[in-house]
Amino acid sequence: MQKLRAWFYLKNNKKRAAILVVSFGLYFALLYGVRFFINPMHYTDEAVYLGNSELMQLAYVNQASMLPMDLTLWEENSAATTEDKVNELNRAINEFAQKLEEDERIDHVFSCYIYGITINTLAGSANYRIPMVTKEQARLICDYFGVRLIEGSYPSKPGDIVMDERMAKNRGFSVGDSLYDEHTRLCGIVSCDNYFAVGMEYDEVFVKRNLVFLDRGTIKDLAQFFQEYGWEASEKNYSPIQILLDLETNKRNVDKSRAEMEQPLSVMVYTITFVMGVTLYFVYQLHIKDRYEEWCLYRSLGYSQREVFLLALKEYGICLLGSGLLALIFLLIIFYFGINMMESKGIVYRLWIPETVLQLSALVVLLTGILQIPVYQAMQHIKTIDAIEDDI
Amino acid sequence: MFEINNLTLIYDMDKEEKVYAINNVSLTLPDTGLIGIIGPSGSGKSSLMYCLSTLKKPTDGEIIYNGKRYSSLSKKEMESLRREQFGFVFQRHFLIGYMSVLDNVIVSSKLPKDMAKQKGRELLSSMRIKTTEMNKRPRHLSGGQRQRCAIARALINEPAVIFADEPTASLDHENAFHVMNQLKNYSKDHLVLVITHDPSILQEADRIIELWDGIIRSDERRG
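As you go down the protein sequences, you meet chains A and B in turn. FYI, our numbering numbers position 336 of the first sequence as 336, with every residue one higher than the one before it. FYI, our numbering numbers position 142 of the second sequence as 142, with every residue one higher than the one before it.
Hint data in this document are derived by calculation from the structure and do not stem from the laboratory. Keep in mind it's a predicted model, so treat the numbers as computed, not measured. Glycine is no exception: its CB is placed at the ideal position from the N, C-alpha and C atoms. Some clues are possibly wrong.
[As the list claims (entries may be wrong)] A short, non-exhaustive set of chain A residues, derived as facing chain B with CB atoms under 10 Å: (1) 1; (2) 2; (3) 4; (4) 8; (5) 9; (6) 11; (7) 13; (8) 294; (9) 297; (10) 299; (11) 300; (12) 301; (13) 302; (14) 303; (15) 305.
All chains should be built: construct the whole structure from the sequences, respecting the hints.
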């Protein structure tokens, strides 16, 4: 008997085969594409909150009474002005910072105030904290991060802020632009592996209750660090020392935010997967209907059920292979537009998402199993050509 | 060749009103010859053909082919029997639309492809299909030409038995006569069972069995 050739049908029924290949290809490309556009939310979160936390940590001193300062300035009969009080508070925090800097695990500790800047992704945002420090400290932080100036200059005047090119792109800032008010402006753009920004303070009498820690990954948990000195610190805003940025706290927060985002996103992705999967099932069933008469003929002529089933399986396999290649082409188009869009927005993205590839592989296996159900049913129904004759 | 004992085929077994397609038929069929099975629509002709060719399982009775009892044959053995011993011409031609006429003819051939093609061409020529038409798709042929292709397909493996269900139904008189002549020639060394409701095409038949409501009404042997 001549061998049943799967390729023969596909070659001679290009339109029908194309419907199958395009349906499968679109399905896989769309599922990966959705993840490609959604995942930058996670990656941007990670880049903002975890990217710098190995080198830099931030805290806010809530409880002034723990600082070595002259509290008589706050007494009712004191003649001290607000400026005196701010200066005293800043001096005390500075002294506190210098004391902390003596710890051999830490390279530098500065007091500062902080500005927030929002990094937008396609669906969501993250808040980056910009430390506002002295000119020398700003330069030191830049050097500590190993950034490279690509446009403008490092902060040299009060209110100057330098930021990395992705952050500038994300917010659409150019060198010379005002960032918050007339006092702050973008003085330079640097290149850095992570989102990065630092500014020069513009008001000496601004309360600087924040602390910037610079170390080479030795302080991962500020809460534990402060505990060693007998001070209570946590991410809660009523804690004596509030932790704003450190690896452990931010890891927890990123994981928590990821879990919160993941739930609605998963529902959306699973809904798309299911609805399109069902559509695909019906498309495939139409294909089976189209093949039914031929399979009946083969069975009548003496081909075994196994041979006909293998023929169907091979046709499916070839279509699947074709759809995989087509999905790659679709994805290249998606990547082309997606990359352009995300690069221009300074969004952190990844082309290769292994967990999605793994999920898609599992889906292919599941789909292959499910799509064999109509084939199997047809095989059971097909006895021989008489099955068709009965239908006439 | 065929020994048929008390063959019964009932449709709608699970319903109260059972339909007897074949009702207690007993027959013996020889190794060679052209045998016509005639009768009106619904008389059980096609059902008898399907039972004899293993395409349908009878409700009761026994069919023995060359000493093999169908009731004891496995699915695989039945497939093998259809593949090795039987050729089919169905009421509809059942040609595969996307294949050429020649590919349709050789689809079940046991020969290597080149030889199968050569034999397919010979068979198609003998069925008055022009060489230029052999590479065409079936939809480009007339109904009669398609039926002749289906007959060529049935003959490709030189089966011991040809089951032909209304082989001339879509043919004009001249082509019907030609096809019957071909089948008659083939029946010199093989068995050809022709099912029809048109007795005029069975003038050359060696035997004519008339079925009526699933029962043999007459069994006329000639020459």
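Hint check results:
1. Of the supplied interface hints, the one on residue 1 (chain A) holds, with its beta-carbon coming within about 6 Å of a beta-carbon of chain B, less than 10 Å.
2. With 10 Å as the threshold, the beta carbon of residue 2 (chain A) comes within range of chain B, its nearest partner Cβ sitting at about 6 Å, so the hint holds.
3. Annotation: residue 4 (chain A) was flagged as interfacial toward chain B, and the flag holds, the nearest CB pair being 9 Å apart, inside 10 Å.
4. At its closest, the beta carbon of residue 8 (chain A) sits 7 Å from a beta carbon of chain B; the interface hint therefore holds under the 10 Å criterion.
5. For residue 9 (chain A), the interface hint holds, the least distance from its beta-carbon to any beta-carbon of chain B being 7 Å, beneath 10 Å.
6. Against a cut-off of 10 Å between C-beta atoms, the interface hint on residue 11 (chain A) holds, since the closest Cβ of chain B lies about 9 Å away.
7. Nearest Cβ of chain B to the Cβ of residue 13 (chain A): about 5 Å, under the 10 Å cut. The hint holds.
8. For residue 294 (chain A), the suggested interface contact is upheld, since its CB lies about 5 Å from the closest CB of chain B, less than 10 Å.
9. Given hint, residue 297 (chain A) at the interface with chain B, holds; its Cβ is 5 Å from that chain's nearest Cβ, closer than 10 Å.
10. For residue 299 (chain A), the interface hint holds, the least distance from its beta-carbon to any beta-carbon of chain B being 8 Å, beneath 10 Å.
11. Evaluation of the residue 300 (chain A) hint against chain B yields a held restraint, the C-beta minimum of about 6 Å falling below 10 Å.
12. Because the beta carbon of residue 301 (chain A) sits about 4 Å from the nearest beta carbon in chain B, less than 10 Å, this interface hint is met.
13. Satisfaction of the interface hint for residue 302 (chain A) is found here, the shortest Cβ-Cβ separation to chain B being roughly 3 Å, below the 10 Å cut-off.
14. Residue-level restraint check for residue 303 (chain A) holds (minimum Cβ-Cβ distance to chain B is 7 Å; threshold 10 Å).
15. The beta carbon of residue 305 (chain A) comes within 8 Å of a beta carbon in chain B, closer than 10 Å, and the hint placing it at the interface holds.
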